[in-house]
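Asker: Build the full structure now, drawing on both the sequences and the hints.
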Amino acid sequence: MNLKNPVVCDLLQYASNNNYCVELCWNYAVVDGFHGKRVFIVEDIPDPLIYAGEIDESCLISPDDFKRMFAKR
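For the sequence shown, counting from 1, position 23 maps to 23 in this note's numbering; every step adds exactly one.
It is worth saying that the hints were derived from the structure and are not from the lab.
Glycine included, every Cβ here is placed at the ideal spot set by N, Cα and C.
A couple of the hints might just be wrong.
What the hints assert, rightly or not - Pairwise CB distance ranges (calculated):
(1) P48 x N19: 29 to 37 Å
(2) P48 x N17: 24 to 32 Å
(3) N18 x P48: 29 to 37 Å
(4) G36 x K67: 13 to 21 Å
(5) K67 x R38: 24 to 32 Å
(6) P48 x Y14: 28 to 36 Å
(7) S62 x Q13: 16 to 24 Å
(8) D64 x K37: 13 to 21 Å
(9) N17 x R38: 17 to 25 Å
(10) K67 x D32: 28 to 36 Å
Answerer: If you want it as structure tokens, here you go:
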């Protein structure tokens, strides 16, 4: 994932350092266990898997949403 927001990159590193499972894909990142569920951080056009219904849209968040949610923890 080509994250343009360095703060989000830092948050992903922090999540990884604190035992969240972080997976980077070419156009999204996955944080497993965040707020008790698996969230997908999507920047631009979502992956075709999302359109195919394999990923629950309620788990999709933007980098800015992730930043706000993580700041509340």
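Asker: Now tell me if each hint is right for this structure.
Answerer: Now for the hints, and whether the structure bears them out:
no.: 1; hint: P48 x N19: 29 to 37 Å; verdict: holds, 30 Å
no.: 2; hint: P48 x N17: 24 to 32 Å; verdict: holds, 31 Å
no.: 3; hint: N18 x P48: 29 to 37 Å; verdict: holds, 31 Å
no.: 4; hint: G36 x K67: 13 to 21 Å; verdict: holds, 19 Å
no.: 5; hint: K67 x R38: 24 to 32 Å; verdict: violated, 18 Å
no.: 6; hint: P48 x Y14: 28 to 36 Å; verdict: holds, 29 Å
no.: 7; hint: S62 x Q13: 16 to 24 Å; verdict: holds, 18 Å
no.: 8; hint: D64 x K37: 13 to 21 Å; verdict: holds, 19 Å
no.: 9; hint: N17 x R38: 17 to 25 Å; verdict: holds, 18 Å
no.: 10; hint: K67 x D32: 28 to 36 Å; verdict: violated, 18 Å
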